[in-house]
Amino acid sequence: MVTGLRANNLRPAHECLAQRFQSWSSGEFDLGLCPVRGILDRLGDKWTTLIVIVLAQRPHRFSEIRRSIPDISKRMLTQTLRDLERDGMITRRVFPTKPPSVEYGLTELGESLLEPLAQLVTWAEKSQPKIATARSAFDAAEASRG
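Numbering (the working numbering), first residue to last: 400 to 545.
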């Protein structure tokens, strides 16, 4: 049971989430169009969260983002930036220089993601040891069954 969390400061988070899911699954809502699924698909990919964290500091040029996230390929960075721009999370600003310079920054919508993202990062850092322990115990139990 979730304790201490409040959704909209009105009731416990688990009650709010249960009510939302009930209304979504009651036939009034197409679960395929669920807004939570869409945003989690974006945030759950390998690179989006890291890019948003980099851009939270200030706008960056493509090469600066790439240096900040050394494992990302040029192609994957380009695709992820395009996806974030399409979703309205970032802006792409082209400067009339030779060669042209491009800078990426968070939009107001992108900035509104920072607080919940920071909470998720804090939760993940705090929970990682427990998750690792649970995974090890599960894997050991599975190995002994097979």
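These are computed hints drawn from the structure, not numbers from a lab. Mixed in with the good hints there might be a few duds.
Said to hold, decoys possible - Dumping the calculated SDA-like pairs for lysine to any residue here, alpha-carbon to alpha-carbon at most 20 Å:
| no. | residue 1 | residue 2 |
| --- | --- | --- |
| 1 | K445 | C415 |
| 2 | K529 | E514 |
| 3 | K473 | R441 |
| 4 | K473 | L439 |
| 5 | K445 | D470 |
| 6 | K445 | E524 |
Claimed, not checked - Pair by pair, the computed Cβ-Cβ distance ranges are:
| no. | residue 1 | residue 2 | range |
| --- | --- | --- | --- |
| 7 | I530 | D440 | 20 to 30 Å |
| 8 | V501 | A531 | 32 to 42 Å |
| 9 | E541 | D440 | 26 to 36 Å |
| 10 | V493 | A542 | 46 to 56 Å |
| 11 | S535 | R457 | 34 to 44 Å |
| 12 | I468 | K525 | 18 to 28 Å |
| 13 | S526 | V501 | 12 to 22 Å |
| 14 | D440 | Q518 | 12 to 22 Å |
| 15 | Q478 | Q418 | 28 to 38 Å |
| 16 | E414 | I468 | 21 to 31 Å |
| 17 | S425 | P528 | 15 to 25 Å |
Even glycine gets a Cβ: it sits at the ideal position worked out from N, Cα and C.
Status of the hints after comparison with the structure:
no.	hint	verdict
1	K445 - C415	violated (29 Å)
2	K529 - E514	violated (24 Å)
3	K473 - R441	holds (18 Å)
4	K473 - L439	violated (23 Å)
5	K445 - D470	holds (11 Å)
6	K445 - E524	holds (17 Å)
7	I530 - D440: 20 to 30 Å	holds (21 Å)
8	V501 - A531: 32 to 42 Å	holds (39 Å)
9	E541 - D440: 26 to 36 Å	holds (28 Å)
10	V493 - A542: 46 to 56 Å	holds (55 Å)
11	S535 - R457: 34 to 44 Å	holds (40 Å)
12	I468 - K525: 18 to 28 Å	holds (23 Å)
13	S526 - V501: 12 to 22 Å	violated (37 Å)
14	D440 - Q518: 12 to 22 Å	holds (19 Å)
15	Q478 - Q418: 28 to 38 Å	holds (36 Å)
16	E414 - I468: 21 to 31 Å	violated (38 Å)
17	S425 - P528: 15 to 25 Å	violated (39 Å)
When the structure is compared with the earlier hints, violations turn up for hints 1, 2, 4, 13, 16 and 17 and for no others.
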